[in-house]
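Enquirer: Assemble chains B, C and D onto chain A, guided by the hints.
Protein chains: 4
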Amino acid sequence: MKKFQKLKIFVEQNDTKGGKYFDIFIQLLILLSILSFTVESIPNLSQELRNVLDYLEIISVTIFTIEYLLRLFVADSRIRFIFSFYGMIDLLAILPFYVASGIDLRSIRIFRLFRLIRLFKLFRYSKAIKRYKNAFSLIKAELAIFLSATLFLLYVSSVGIYYFENSVQPEQFSSVFHCMWWAVATLTTIGYGDMYPITAGGKIFTSIIVIIGLGVVAVPTGLFASALTKCIQLEDKEK
Amino acid sequence: MKKFQKLKIFVEQNDTKGGKYFDIFIQLLILLSILSFTVESIPNLSQELRNVLDYLEIISVTIFTIEYLLRLFVADSRIRFIFSFYGMIDLLAILPFYVASGIDLRSIRIFRLFRLIRLFKLFRYSKAIKRYKNAFSLIKAELAIFLSATLFLLYVSSVGIYYFENSVQPEQFSSVFHCMWWAVATLTTIGYGDMYPITAGGKIFTSIIVIIGLGVVAVPTGLFASALTKCIQLEDKEK
Amino acid sequence: MKKFQKLKIFVEQNDTKGGKYFDIFIQLLILLSILSFTVESIPNLSQELRNVLDYLEIISVTIFTIEYLLRLFVADSRIRFIFSFYGMIDLLAILPFYVASGIDLRSIRIFRLFRLIRLFKLFRYSKAIKRYKNAFSLIKAELAIFLSATLFLLYVSSVGIYYFENSVQPEQFSSVFHCMWWAVATLTTIGYGDMYPITAGGKIFTSIIVIIGLGVVAVPTGLFASALTKCIQLEDKEK
Amino acid sequence: MKKFQKLKIFVEQNDTKGGKYFDIFIQLLILLSILSFTVESIPNLSQELRNVLDYLEIISVTIFTIEYLLRLFVADSRIRFIFSFYGMIDLLAILPFYVASGIDLRSIRIFRLFRLIRLFKLFRYSKAIKRYKNAFSLIKAELAIFLSATLFLLYVSSVGIYYFENSVQPEQFSSVFHCMWWAVATLTTIGYGDMYPITAGGKIFTSIIVIIGLGVVAVPTGLFASALTKCIQLEDKEK
Numbered sequence: 001m002k003k004f005q006k007l008k009i010f011v012e013q014n015d016t017k018g019g020k021y022f023d024i025f026i027q028l029l030i031l032l033s034i035l036s037f038t039v040e041s042i043p044n045l046s047q048e049l050r051n052v053l054d055y056l057e058i059i060s061v062t063i064f065t066i067e068y069l070l071r072l073f074v075a076d077s078r079i080r081f082i083f084s085f086y087g088m089i090d091l092l093a094i095l096p097f098y099v100a101s102g103i104d105l106r107s108i109r110i111f112r113l114f115r116l117i118r119l120f121k122l123f124r125y126s127k128a129i130k131r132y133k134n135a136f137s138l139i140k141a142e143l144a145i146f147l148s149a150t151l152f153l154l155y156v157s158s159v160g161i162y163y164f165e166n167s168v169q170p171e172q173f174s175s176v177f178h179c180m181w182w183a184v185a186t187l188t189t190i191g192y193g194d195m196y197p198i199t200a201g202g203k204i205f206t207s208i209i210v211i212i213g214l215g216v217v218a219v220p221t222g223l224f225a226s227a228l229t230k231c232i233q234l235e236d237k238e239k
Numbered sequence: 001m002k003k004f005q006k007l008k009i010f011v012e013q014n015d016t017k018g019g020k021y022f023d024i025f026i027q028l029l030i031l032l033s034i035l036s037f038t039v040e041s042i043p044n045l046s047q048e049l050r051n052v053l054d055y056l057e058i059i060s061v062t063i064f065t066i067e068y069l070l071r072l073f074v075a076d077s078r079i080r081f082i083f084s085f086y087g088m089i090d091l092l093a094i095l096p097f098y099v100a101s102g103i104d105l106r107s108i109r110i111f112r113l114f115r116l117i118r119l120f121k122l123f124r125y126s127k128a129i130k131r132y133k134n135a136f137s138l139i140k141a142e143l144a145i146f147l148s149a150t151l152f153l154l155y156v157s158s159v160g161i162y163y164f165e166n167s168v169q170p171e172q173f174s175s176v177f178h179c180m181w182w183a184v185a186t187l188t189t190i191g192y193g194d195m196y197p198i199t200a201g202g203k204i205f206t207s208i209i210v211i212i213g214l215g216v217v218a219v220p221t222g223l224f225a226s227a228l229t230k231c232i233q234l235e236d237k238e239k
Numbered sequence: 001m002k003k004f005q006k007l008k009i010f011v012e013q014n015d016t017k018g019g020k021y022f023d024i025f026i027q028l029l030i031l032l033s034i035l036s037f038t039v040e041s042i043p044n045l046s047q048e049l050r051n052v053l054d055y056l057e058i059i060s061v062t063i064f065t066i067e068y069l070l071r072l073f074v075a076d077s078r079i080r081f082i083f084s085f086y087g088m089i090d091l092l093a094i095l096p097f098y099v100a101s102g103i104d105l106r107s108i109r110i111f112r113l114f115r116l117i118r119l120f121k122l123f124r125y126s127k128a129i130k131r132y133k134n135a136f137s138l139i140k141a142e143l144a145i146f147l148s149a150t151l152f153l154l155y156v157s158s159v160g161i162y163y164f165e166n167s168v169q170p171e172q173f174s175s176v177f178h179c180m181w182w183a184v185a186t187l188t189t190i191g192y193g194d195m196y197p198i199t200a201g202g203k204i205f206t207s208i209i210v211i212i213g214l215g216v217v218a219v220p221t222g223l224f225a226s227a228l229t230k231c232i233q234l235e236d237k238e239k
Numbered sequence: 001m002k003k004f005q006k007l008k009i010f011v012e013q014n015d016t017k018g019g020k021y022f023d024i025f026i027q028l029l030i031l032l033s034i035l036s037f038t039v040e041s042i043p044n045l046s047q048e049l050r051n052v053l054d055y056l057e058i059i060s061v062t063i064f065t066i067e068y069l070l071r072l073f074v075a076d077s078r079i080r081f082i083f084s085f086y087g088m089i090d091l092l093a094i095l096p097f098y099v100a101s102g103i104d105l106r107s108i109r110i111f112r113l114f115r116l117i118r119l120f121k122l123f124r125y126s127k128a129i130k131r132y133k134n135a136f137s138l139i140k141a142e143l144a145i146f147l148s149a150t151l152f153l154l155y156v157s158s159v160g161i162y163y164f165e166n167s168v169q170p171e172q173f174s175s176v177f178h179c180m181w182w183a184v185a186t187l188t189t190i191g192y193g194d195m196y197p198i199t200a201g202g203k204i205f206t207s208i209i210v211i212i213g214l215g216v217v218a219v220p221t222g223l224f225a226s227a228l229t230k231c232i233q234l235e236d237k238e239k
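Sequence order for the protein chains is A, B, C and D. All letters in the first sequence, in the order written, are residues 1 to 239 by the numbering used here. All letters in the second sequence, in the order written, are residues 1 to 239 by the numbering used here. All letters in the third sequence, in the order written, are residues 1 to 239 by the numbering used here. All letters in the fourth sequence, in the order written, are residues 1 to 239 by the numbering used here.
Isolated chain A, as found in the complex (with noise of 0.2 Å):
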């Protein structure tokens, strides 16, 4: 029994040199399984290459397997782990690798995708995420509603472009969801320059709009860093 508690302790805590080590050693690997996972997208990779990137694959499908299983083994209640937020990640970032290996290859690329969750395994290690969360619920109301006005302020940009746009530019401005690509890169002032207004009417639709929305697009960003700040002096104050 005290075995099974100094694993627990082990695989569940980071106050002891074991447990601090076991913790580095799965954020790494993480981090390395992440990096094998982007370099395998570049075109023309020796089959040399991909033959150590698809080892490192197995061995870390393997150790996290043992890291899943280690985890439930631990677990006050099994049950409760496996369908608990991380359960559910620990899980995913294996199983594809498994449902993949026993079809066929073609549909490869979607389950690719899905190793990106072992990302998601590092917050488990952040402590900073429940603050964020505070502060996101502190302004959870005023987002919603900013979000609203910005779908909105690019629902009505998008129907104004298209009238403007459509009957000297068909091919760029074809319809109103085509111009809704072009109010998302022009409201966050990204620009790409794929798509812009040429009629005089159709710049100076684009000109009120811009100058009323980037006000309505930037005023989240103030209400996060503003909320941050009190969550902040909240937790200084409790120290």
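By construction, these hints were calculated from the structure, which means they are not laboratory data. You may find that some hints are simply not true.
[As the list claims (entries may be wrong)] Heads up, simulated DSS-like pairs for lysine-lysine below, C-alpha to C-alpha not over 27 Å straight-line: (1) 133/C / 237/D; (2) 230/D / 237/A; (3) 133/B / 237/C; (4) 140/B / 130/C; (5) 140/A / 140/D; (6) 230/D / 237/B; (7) 230/B / 230/C; (8) 230/C / 130/C; (9) 130/A / 140/A; (10) 133/A / 140/D.
[To be verified] A few chain A residues facing chain B, derived, Cβ under 8 Å: (11) 145; (12) 152; (13) 159; (14) 162; (15) 163; (16) 174; (17) 176; (18) 210; (19) 222; (20) 223.
Glycine is no exception: its CB is placed at the ideal position from the N, C-alpha and C atoms.
Expert: Only chains B, C and D this time, still in chain A's reference frame:
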């Protein structure tokens, strides 16, 4: 008389179950009507889909007409309802359909745009608008000043870039009015890339005006965010 | 003597009905004069319109000259008025017309630009400028530091990108001076698209410098907004 | 001994007239040296100008060397001065010149870049840096978190856009690493226009990620501005 009262509550309030469903139904219909308006803009739609959209339009206008008549019927003062903000919106949301049906079809494009007014019908259901009105009126004077400053800056930038670039790029920077479009795209940092200075003087001028301008254009957002925070604090105190 | 006093009030103040109309008339004339200046820049104007604009210019200069003489006449100290800020502006708004009429026409382009100075005549009527001066002087030291930091960052970015991109794109990134234009367009996030890194090193360098730079460039705006809020609060307390 | 003390004050402080002039002289020389470094990058310079710049470089290095030896001579602890921040900077500002003179000329390009280190010599004269260090350390933890969040977001955006666009634009979005450049240019809203999504999926993905991302990228600026305001208030109280 009791029946009338019941109808009034059904139409104007959302405390009862019926009133709530009526509200949700109207909101969904508005969204459906707007979606249909958006889909119509897609080129080369099949005739079948076009027919479906036409029927949908007829149905929504019919329901919106019934809604308008109901609201008119239960209003305390019918004259006041007709000339109220939402009364006007409700009327403008259906009127174009009846007018467009009676006249030549070629002008229908402009009338179609009026259907967008239905979006404003959604505002009736938003309780947040009042708070934003308050925050807005708190900084109305400042916004007016910054709008003036923005217009002043846009104008001065346009004239400046015109004098630097017109002789080298007469096609692009052909008049101060054309340069205003450049000024908007630059000072909002959109930067489409359809117009940019190529002379050394124009580039130096742009650099100076942009570094000054960024502050002027972005300040109103900061003011609005802090006014909003103030309003929310006041509301919290009242509770 | 009483007549002189009346004229003084008429010209310098806007408490009386006459003084108010005089102010509005001058403001409208400034805007009309600026509009005419802008319209003149349109290429291929008809000779008739050109004549109209010329007459308009003669009329506005005449009225501005009368205004200047009136202000000079009613000033407490004429010498002080001539060398005051608004006295200089008023003179510079009419002087180029008289000078340009006496000399060769080819140099008129530069003189035309001086007509823009009339815009500054509008500042006389703005009561808000004082508050912004206060907010500005509150953060003068910080702005100077951030301006230095911005210049430092722009310079370092320019040198860095020059060393990464010059050998690959010698036409675009031909000297550190040319790279400064890229640095301005990038750190302000305009991103025209006329110059961008194509080497891996240049892209990584840009990514790092932009993520650092966004903060530096945007901070002064935040400081100004909070200084302005402070000034407004102080004014409210005084009332 | 008194002479030594006088020299120490002359070199290290700026209370005396001589010390002040010494400081200003060194600062001007730094700026001149940096300007000369910048001018050198212009292609097709005349041989005469090149010679002038070379002589200027020799003169500045000589003076900086004398300055370094003086500072070393008057330092309380010479060892500590050599390994201090400014001692290292002062050495790195002259060392490349001596090293480059002794070795092959082809590698001089990299050594030239070291001359930029002279800019950091200017930091010695700035009293504001301390305050910014304080503001910075106040939000160090938050900045680290937002930097992580930014990197996380950049990575997820890169992978997402890779899966949407790679099959359609294999040249542009050829690997996740290439997509990271797009992610930086998009989430900072630069939007050069060298890479942009063309698939419907890629555009929708970009829209969502940008609206989320704008907040994450802009929050640190807000935090820094408010930390700075706090630091300034604390300093004002102390006075």
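Enquirer: With reference to the structure, classify each hint as holding or not holding.
Expert: Hints, verified against the model:
With a C-alpha separation of about 23 Å, the suggested pair residue 133/C and residue 237/D falls inside the 27 Å cut-off, and the hint holds. Between the alpha carbons of residue 230/D and residue 237/A the distance comes to roughly 16 Å, so the proposed pair stays at or under 27 Å and holds. Our distance criterion of 27 Å between C-alpha atoms is met by residue 133/B and residue 237/C, whose separation comes to about 23 Å. For the hint pairing residue 140/B with residue 130/C, the CA-to-CA distance comes to about 18 Å; that is within 27 Å, so the pair holds.
This hinted pair checks out: residue 140/A and residue 140/D have alpha carbons roughly 26 Å apart, not beyond 27 Å. A distance of roughly 25 Å separates the Cα atoms of residue 230/D and residue 237/B; the hinted pair therefore holds under the 27 Å criterion. Among the hinted pairs, residue 230/B with residue 230/C is consistent with the structure: their alpha-carbon atoms are about 13 Å apart, no more than 27 Å. Taking the CA atoms of residue 230/C and residue 130/C, the gap is near 14 Å; set against the 27 Å cutoff, the hint holds.
Restraint check for residue 130/A and residue 140/A: the C-alpha separation of about 15 Å stays at or below 27 Å, so the hint holds. A C-alpha spacing of about 19 Å is found between residue 133/A and residue 140/D, which places the hinted pair at or below 27 Å, so the restraint holds. The criterion of a C-beta within 8 Å of any C-beta in chain B is met by residue 145/A, whose closest approach is roughly 5 Å, and the hint holds. With a least beta-carbon distance of about 7 Å to chain B, the hint placing residue 152/A at the interface is held under the 8 Å criterion.
Annotation: interface hint on residue 159/A holds; nearest CB of chain B at approximately 6 Å, less than 8 Å. Hint status for residue 162/A: holds, given a least beta-carbon distance of 6 Å to chain B, under 8 Å. Using the Cβ-Cβ criterion of 8 Å, the hint placing residue 163/A at the interface with chain B is satisfied: the shortest such distance is roughly 6 Å. Annotation: interface hint on residue 174/A holds; nearest CB of chain B at approximately 6 Å, less than 8 Å.
Residue-level restraint check for residue 176/A holds (minimum Cβ-Cβ distance to chain B is 4 Å; threshold 8 Å). Interface hint at residue 210/A: satisfied, since its Cβ lies 5 Å from the closest Cβ of chain B, which is below the 8 Å cut-off. At a threshold of 8 Å, the smallest CB-CB gap from residue 222/A to chain B is about 3 Å, leaving the interface hint in force. For residue 223/A, the suggested interface contact is upheld, since its CB lies about 6 Å from the closest CB of chain B, less than 8 Å.
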